[in-house]
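Residues in the sequence shown are numbered from 1013 upward in steps of one, following the numbering used here.
It is possible that part of the hints are untrue.
In silico DSS-like cross-links for lysine-lysine, where the CA-CA straight-line distance does not exceed 27 Å [unchecked claim]:
no.: 1; residue 1: Lys1177; residue 2: Lys1058
no.: 2; residue 1: Lys1177; residue 2: Lys1369
no.: 3; residue 1: Lys1076; residue 2: Lys1169
no.: 4; residue 1: Lys1226; residue 2: Lys1177
no.: 5; residue 1: Lys1369; residue 2: Lys1388
no.: 6; residue 1: Lys1320; residue 2: Lys1363
no.: 7; residue 1: Lys1320; residue 2: Lys1226
Please keep in mind that the hints were generated in silico from the structure rather than gathered at the bench. Given the structure is predicted, the values throughout are model-derived calculations rather than measurements.
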Amino acid sequence: MKTKTSKKRKGNPLIIAFLFMLLLSLAYASVAYSQDPLSYKSYTGKILDSKSRKPIVFANVVLKGTNIGTVTNADGEFLIKVPADRNVEELEITHIGYWSTTIELAELKENGKEIMLVSSAIPIEEVTVSYGDPEELLLRAIENIPENYSAEPVMLKAFYRETIKQNRNYVVVAEAVLDIYKAGYKKISGTDRTRIYKGRKSQDVKKMDTVIVKLQGGPFISLMLDIAKHPGEILSEDYMGMYNYTYGGMTSVQDRQSMIIKFEPKEYIQDPIYEGKIFLDTENLAIIGIDFNLDEDKVSEVTELFIKRKPTSMKVDIESANYLTKYRMHEGTWYLSYVRSELDFRCRWKKKLFSSKYELMSEMAVTDVEKENVRKFKYSESSRVSDVLTEQVSQFEDSDFWGNDNIIKPDESIEEAIEKLSRRLKRRM
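Make the full structure from the sequences, and use the hints.
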């Protein structure tokens, strides 16, 4: 009989994809940024499933032939800006599980256009017959990482957003455009760096009762969710023996066949680890996506790993922790495309009956990749795991704040939250 396995945790950034502090006071620090406006034209649209007509969330929307792009929001909508100096006529839209589609920019009228994607699911039987053991395939995928991803450093431009809800109401929305130095994948865990180019926030501290929730290290930790660079507790050889792997069918990404490998903890594992799906390109075994969460049966056991600081008289219960990482291929090389983290938890003061529920979300979409003029900026300029974005950026004010920078279009609920929070702030000034 197998013995029970337990590994001592050391605060791996992968499992601490959210560090938050529960405080009784809050200090503000703001940084303002300016940008010379460039000429550009904006286009909007909405991506839907061709059969159900439901919005397709987090689909990649890219100016064809370039690395400029964004992703759709929770309503399936996108906003993309085309620089005047780029002669681009088409958009390419891709998403895991759907055939890609191309649409002319001229078809996107002022009020946008509904664009349908067709599902590309393939029965699981075809995978089981064609391919061998799923764990062996993952080991080969790990070996192929230096060949499938950029061997040399590149510069990324990315849009980052984090939100905090208290009892279903937004109390914090913070956004930033990031510069990212992405080290090559020749060496796993190469040193990446990110810094804030410009950012803004809108928050209602007063509404958070006597507790202030801060999200710590968001931009820095988003890079740690690059599983191909930071295998963490999922693809590290020390941890792979803790999972069962099974086939989950086949699908397509960018019109390339990919297989789905499901993983879950073995029954005898005591530690709270992960379960989810890994997407592999069938041709070169590139890891092109991973959708995973902390084991739902044991997520409550990791509360102390997420909390940086809290009042001693407060009890915190983690309810769920979900993560998503996606990659996109350009000219034969895969690049980080999108990462997202979601954390739900409850806070309750001891000896009090009622509790408050909080929902934390962070997402980062890579909007451009630059292979030339790559420069590793100074460590002193870089974001750190201890940074709190809301203490580094200024309040929402300018309606054209982002200028020509591509962003993730806010969904309707976030837009409403920004307006409400901004109005409250003005009333207090």
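* To do: Go through the numbered hints given earlier and state which of them the structure violates, listing their numbers in rising order.
  => 5
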